[in-house]
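Take the given structure of chain A and dock chains B and C to it, following the hints.
Chains as they are written, first to last, in the numbering used here: chain A, 132 to 618; chain B, 44 to 562; chain C, 71 to 494.
These are calculated hints, taken from the structure and not from any lab test. Positions of the beta carbon are idealized from the N, C-alpha and C atoms, including for glycine. All the pointers check out, no bait thrown in.
Cβ-Cβ distance ranges computed for the label pairs, FRET-style: (1) A:K365 / B:P396: 26 to 36 Å; (2) A:H571 / B:R112: 30 to 40 Å; (3) A:E179 / B:F113: 48 to 58 Å; (4) C:V377 / A:G256: 47 to 57 Å; (5) B:D523 / C:L182: 38 to 48 Å; (6) C:V377 / B:A500: 19 to 29 Å.
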Amino acid sequence: MVVKNGLSNIVGTENVIDGNDVPGHYSGDMSFAASVRPQAVVKPNTMEQVQAIVKWANETSTNLIPLSSGPPHFRGDTIPAHEGAVVVDLTRMKKIIRVDRRNRVCMVEPGVTFGELIPALEKEGLAPLITLVPRSHKSVITSFLEREPFTIPRFHWEAQDPLYCVEVIYGSGDMFRTGSAFGPGTLEEQWAAGRAQVRGMGPSQVDFTRLLQGAQGTMGIVTWASIKCRPLPKIKETYLVTSDKLETLIDFAYKILWKKLGEELFIVNSLTLSAILNQDSNKIAEMAGSLPPWILVYSIDGSGLMPQEKVDYQKADSLELAQSFGLELKRVAGGASADDVQKIISRPSTEPYWKLRYRGACHDMLFLTTMDKTPGFIKKMHELAGDGNYPADDMGIYIQPMSQGTNCHIEFNLMIDPENKGLAEKVSRIDSEGCETLAHMGAFFSRPYGPWAKFAFGPDAQTVIALRKVKSIFDPNGIMNPGKLCF
Amino acid sequence: MSLSREAYRALEDIVGPENISEEPAILDGYCFVWANEAMFDDRFSARPLAVVLPESIEQVQGIVRVCNRFNIQFRAHSSGWSCPALSSKESFLSIDMRRMDRIVAIDAKNKYAVVESYVSMQKLFLQTMKVGLRPHTIGCGPSGGILASATSNFGCGNTSASSDFGGRVPLGVEWVLPDGEILRLGTLGTGSGWFSGDGPGPSLRGIMRGYGGATGGLGVITRAAVKLTPWYGPPALKASGKPNIYDIEIPENFQINVAAFPDRDQLTDFFVLVVEEAIAFALHRSPAASLAILSTSSGDDFWQMVSASPPEVAEAMKFIGVLMMDAGSPREMQYRYDLLQKIMERTEAMNFPMGPDMMGPVFRNLVTGQGQQRVFNITTGFLTAAVNEESWDSVKLLGQRVAEELYAKYEAEGKIAITGENPWFAPLGDSFAHTESVVSYDQFDPESIKAVREILAEADIKLPQWHLAVGGAEGCLSFDEASEKAAAPYCLDFLGYEKKIKKAFDPNLVSESSFYVKP
Amino acid sequence: MALKDFEKDMMRDSRCSYCKVIPHVMMTDTRFIDVCPSVARFNFHGFSAGGRMVAGLSLLRNRIEYTDGFLDMIFQCQMDGACDVSCKIDRDLEPLQVMQELRIKCIEDGQLIAGHMPVLEGLRKEDNMLQRKKADRGKWADGLDIKELAGGKAEVLFHAGCRYSFDEELWPTVKTGINILKEAGVDAAIMGKDEACCGGRAYEMGYEAELIKYADHNIQAWKTAGVKTIVTPCSCCYQTFKVLYDKIGKKPEIEIYHFTEYLDKLIKEGTLKLKKKVPIKVTYHDPCHLGRLSEPWIHWSGKEIKVAGQMIVHDPAKKYRRGAEGVYDIPRDILKAIPGLNLVEMYRIREYAWCCGSGGGVKEAYPEFALWTAAERLKEAKDVGADALVSACGWCKRNFTDAVKETGKKIEVYDIVDLVQEAL
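Extracted from the complex, chain A is given alone in its bound form (with noise of 0.2 Å):
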């Protein structure tokens, strides 16, 4: 009672709810880490708020979980670890601040989501840089502030793309605004002259994006983000390049990231295409036995002052280049429609989320590694799979090059029927076995969920001591999401 008073004089009695009222998804999701209920869940709907309820829970010693996408979650980084947490859910923070189009940025709140967000970008011509079919209450800043990959690597410089600056409640109460969101001025000072909150780095001589990114909610509260977006395309062409081979579709591109040709370009499995695509099981298990193993999507958009001309030179170098390889561009593979597909990536996931549809479940395995390295990783992930009984043919993967191709993503999706308890428990040893197996073999597991933890931080103590030192900082008592990564 006394949590709940103390958040209802913040935000008031109808955005805290306590006890058994918190719904079961606040205490546990499809990932393994064990169920914890929350004390509570407060609502926020202002960065006054945020800050009071950081600063009320320095005062009575407790810890908060920050969440700003709504269910179903997938990697336990929401689930407190310990008793006694108030989940502090961002979702009412849905105010889309500012779009400019001629910086090509927006400005948002933690609740947006990307389905919120497109409408708002397309009337000023511009649309957001999107992860991969992402679930339909997915916060746009958790995305990113999580590194999740977007599909266009053409667009993505570096680790920080597309986030640039945003205002934080540290863990220490304090609000700040990194990147040249920090000053001088107010945002709206410096609207005035001329300023669009493009620069994520700095201020000054430290990245304070940075050290928010990844940090799974343990250093603060992000209560707006800019984030860079990308012109709305006029046209759009979008290709399937399927082959057998794994390999030959990553020399492509390789080639096609050299040649900094077209836009959306990730490389998928059958299952994982065919899931995206089909919404009953039956029909993901038809298309994906018709599906060539291994499919590269790839478009190339038509924007600005020459839409049709930009197509038009990059299709046909890219037809040269698909060629050389003894590869095609197609409009149609395996019953899969380019079109469809292109319609589909450009959008939230419909319901039930693309993951859910095959199985009823998933649980993803994700690190990061380069792109001649992924064939390796699959067939270690197979033979895992196979040694823990586990039929590889219901495990989606998706291979998505990152900073314009000098890394990639890989994300391993093991479907699963939520009811096949045995299967479950095979899939959390293939979890946390595997993760060590694949660390060995130099996965980077950049984004250390759960169990993942132990083996990205395990290896190297100084980058715990170092990151301990930072959290002191912005979190000097330790209330932001503790339990998770290294904290």
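What follows is chains B and C alone, placed relative to chain A:
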């Protein structure tokens, strides 16, 4: 001030007697750098206690540990070109990274190179162009350290439109912290290689550097992987002829355009469009005189060319943009050319025709950065009183206000050089613009130096008042926190956090911080 | 000129480090981009031209005193001028002149280098740099049917130079030279024991008075003998006669030829025919004194003026020696004219060639550094696949030959004259 004999011997044991010096004549080479006179009363700042030349991370670690043991301030540098590398009021141990100059690896497929601290831009480019790649360029020219620009200093140059800002290219990093521990960022820490510098979890790259680097105030970076960008030129630059204007063959798939605009607004619109269309290999705006500097063989020749130029030409060239496009195919070049015509039409641009005598030097400058040092010929010193990165409109406004409200008075009084319409600006990546308003002065003229000091002090106060920037490039070019302190009333407390970081990572305060922060 | 006259140059050094490497656009291989042996070997910035500019300023301002360390820093340098070329890619400075004046000041202030002392004593006593008897100077020509001037007259004078005159291993080269001249019908003479040092090397060591002395002596001797043309196989002598004498206001009214220039003339006239095949893969080493340092001197006197506020220009406009006008093509043309010979280029050539290591008094005072420098060049020659390294200067040949012995590198060292002889 000098090192104790015990400390000297400890350092000597680490690097060997050939690689440590206390010889005053040698030490003076480590406290003499351009622009010192704008901060101190002399071209010389405080003479170092000694200079050491380590050749491995183990030696660097050993040196840093000795510094902690004997409470010796240290700062490392690579080429040592600018004040943040060498200058200080107090003596410190200068760590010259010159012996660590190996290109450790180039991963052509994944487009990155791993370099030690002293590898210069020119050395890395020479190697990467053989495999169709290039590093980011550095404003100070080809001899600048690639690692320093990426991890520790600033890091922008002519090609930033395509190769990004130095601060955004580091991947895995090997870093001797001020307490002597070795921190390995990203994949390097987990033994996964060099391909990422962010994570696991929050990215400690954010501690290593921000908008500017820590400029030696937070340990020593010994190796780093840097992202590379595609290079569509030949595997070697084809130069011939005689110095100092070598003839250089411009590859067919490169095209240089110099466009003149009626006003700042059209010029800015041109940049906005070119960046959005992503057609630039190199793009910048600078005074038209910069083209003359590049294509003449000396300061005198430059002046002859400029002074012979009719006033109407100078007026027409007041707002120019220099764009070089590259292309991966003839189709791409045709498309880019056609697109450029449209952009120029929209922005009422006039094409400025350049002969081969000008084209070659401009190409060389855009590709390699060579030519930047010539600015020292026409005056003898220069500084950038206003540096910032933000939207195009804000850098336009900053340049204009600085020229009109800061520099004009001093130009009228003849205390600084009239170098033409300021500022220099360029895109960094596809997101934002970078600007530098250059002030050129005479190092020998006390009045000129005094004017520069006044300008710097005024800039520190005015830029924040205009809500456009913090002086001293937000600290990394600011001596003893002068700019940060002046800006503090207008900004959130970034300085407070930096000081906490400094204290946490440098508990004995041995990493010399004249261009970083002091707790 | 004195060091003080270059104060502004020293002040204007921007510490860009251009002086340490060859110009970027001319670089081809990352292993061979260093251009300054001194800083490449000793690493501290003070061992570069930029560092010496700073030291010069420090000395003028009494920030430093003479010490052994300081003197080593100044004199462990071949004065090869490569730094000067690289600096002047972008800058209007005179680093080589600063280094020269710095050495002169050291000597004037009585700061002598131990290794140079016996050489200087020998020079003063015997008029040569090799500490040998003056009376033996003409011995190399014993048995050659060549006119020796002894109060007589000759239009063409073959000046062997100290190195060729006393280094017996090099005698075949000068003997060949004489034979070629004779075969071509050139009425040449030598001065024999009356030949004197050019004074150039002593000048590089900081002894300006010696240069003046030998300039006066030589010019007078040539005048007396009615010499109209001088041909010398020694690049150092060539540069001294052609450039340094001019620099100090004693330009001789005589045509100065390096032997390669004379050979080239004879070949191009058709007087000399290279017929025999010399099937060898060679690389050519540009001697510093034949290459960049032989660019004619440019005299300038005027003043600095300010324009456009604080821009500084010269009145009258100043021209700079940037290494463009050295003798680079002629030796290559000769080598290309030799049938069967395969000329491959190294990575650092012409005005940005790496030094052989022997100049500036280094061979005399710091022999290990001289050999190290030569060994670096041999590595480069081997790397381009050359079986032999060819130069056009006795000092280069001597130092390379020593380095071959020292390092055991399997590579031949030739003077270009040797190869011409084989082709005749």
